[in-house]
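Keeping the supplied structure of chain A fixed, place chain B upon it in accordance with the hints.
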Amino acid sequence: MCLAVPALVKSIDGLEAEVDLGGVTRRTSLMLAPEAKVGDYVLLHAGYAISVLDQGEAEETLSILREMARATADGGA
Amino acid sequence: MTLADGFRDTELARGVLAGIRQASTRQVRLMEFCGGHTVAIMRHGIRQLLPPTIEMLSGPGCPVCVTDNSDLDKALALARLPGVILATFGDMLKVPGSRSSLQEARAEGADVRIVYSTLDALDIAGQNPACRVVFLGVGFETTAPTVAASVLQAAKGGVPNYYVLSMHKVCPPAIRAILDSGEVKVSGLICPGHVSAVAGSRAWDFIALDYGIPCVVSGFEPLDILQAVRMLVDQLEKGESRVEIAYRRGVTPDGNRRALEVMAQVFEPCPARWRGLGAVPGSGLRLRDAYRRFDAEAAFDFDPGPTVEPEGCICGEVLRAVRTPRDCGLFRTVCTPASPVGPCMVSSEGACAACYLYGAADE
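Same order as they appear, the protein sequences are chains A and B. Numbered by the working numbering, the letters in the first sequence go through residues 1 to 77 in order. Numbered by the working numbering, the letters in the second sequence go through residues 1 to 363 in order.
Extracted from the complex, chain A is given alone in its bound form:
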């Protein structure tokens, strides 16, 4: 029920956007995330963008995960 998927904002017209969802284009309401810009990834839930995903944070988290794995392989913790 709380399923939400990342979708790429392709174009914006007022509070409506066209987003790319794995190759499929959908119309989406930006009423709950009016700050979204073209090129942003938004979390899409039930026809509405409910947040703008932070791609910088995504990269940062992956770096933390790589560090977790590396520290273990090196015998640290």
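Keep in mind that the hints were calculated from the coordinates and are not lab data. Treat the hints with care, as some may be off.
[Stated by the list, open to error] In the SDA-like style, the derived pairs of lysine to any residue whose C-alpha atoms are separated by at most 25 Å in a straight line are:
#1 A:Lys10 <-> B:Arg248
#2 B:Lys238 <-> B:Thr25
#3 B:Lys156 <-> A:Gly47
#4 B:Lys156 <-> A:Asp13
#5 B:Lys185 <-> B:Glu237
#6 A:Lys37 <-> B:Arg257
#7 B:Lys185 <-> B:Asp327
#8 A:Lys37 <-> B:Leu119
#9 A:Lys37 <-> B:Ala4
#10 A:Lys37 <-> B:Arg258
#11 B:Lys94 <-> B:Gly278
[As the list claims (entries may be wrong)] Just some of the chain A residues that point at chain B, by a computed CB distance under 8 Å:
#12 Ala4
#13 Ser29
#14 Ala33
#15 Leu43
#16 His45
#17 Ala46
#18 Gln55
#19 Ala73
Ideal Cβ placement from N, Cα and C applies to all residues, glycine included.
Just chain B, lined up with the frame of chain A:
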């Protein structure tokens, strides 16, 4: 390459798992509140990959599953009224109420339509001016703002035949109810990712402060969950309890203020009944007086009849994490996804459905 791909990297997962095995020395019980996490954990076999020091419990975070039969019966009674179109998310269609499901009501002539979004329900209302369209409002903080937004749109656009039957619920009071009951001992909590995208991670501060239980907000990819487990283990090994966010690409401490404003403009807290938990004060959302004309409960005259619980079904105890699907005498025999007795077997996020689909490796 999508934003999620990096969080499905098998080699990286192996490394993070090795780190968890190394870091975990104490016996702990971690609860994932959210049904979406339950499914991800079962689908990826994460329980089997974790060391024996870490026990995982599934919580009640599936809106379909926790909808009480008395509420389902209201939806069924409304659907059977002449001139009513009941619009619902697909998950609710097969959930058995006291006497039937919406699917059965539809087979008997009720006009029940599956929609992907409240925007579709508004379209149906526009296309059918002679009918009254009731949207079945089920869902947590993730979904309630989208339903609130539809009410604002209907008010602005003058859609006179649109109504909402609000069974929306908010999560923090339910977590408090579970912890206060003392029925299950929880060492750490994996907090719901998309509820938190709206509500913010601060919504869980009370768990760390009042109960001394560490919390980590997680995303839904396998590496998201492993990272959350690692962060909980690290807190527990050090004897700490605070709220952390593993799902930082989607969640902030304050959440989505716009969505929270829209939700608060249209809805106000009220008591609600949760399957398994009973009445939980302040855990429901009802339409405020200013939007009462959209409230299906106030606008329609209907009789949901007496509530009957399915015999032998232990969904309530499964939702409280005191029993597992395998403890149920009906599991896999009488109760299957094709012929479900209780809602936890119907919902794609239900613990019983997840155990049925992915549980073979979980023996």
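Checked hints:
no.	hint	verdict
1	A:Lys10 <-> B:Arg248	holds (23 Å)
2	B:Lys238 <-> B:Thr25	holds (11 Å)
3	B:Lys156 <-> A:Gly47	holds (19 Å)
4	B:Lys156 <-> A:Asp13	holds (19 Å)
5	B:Lys185 <-> B:Glu237	holds (17 Å)
6	A:Lys37 <-> B:Arg257	holds (17 Å)
7	B:Lys185 <-> B:Asp327	holds (19 Å)
8	A:Lys37 <-> B:Leu119	holds (21 Å)
9	A:Lys37 <-> B:Ala4	holds (20 Å)
10	A:Lys37 <-> B:Arg258	holds (16 Å)
11	B:Lys94 <-> B:Gly278	holds (22 Å)
12	Ala4	holds (5 Å)
13	Ser29	holds (6 Å)
14	Ala33	holds (7 Å)
15	Leu43	holds (6 Å)
16	His45	holds (6 Å)
17	Ala46	holds (5 Å)
18	Gln55	holds (7 Å)
19	Ala73	holds (6 Å)
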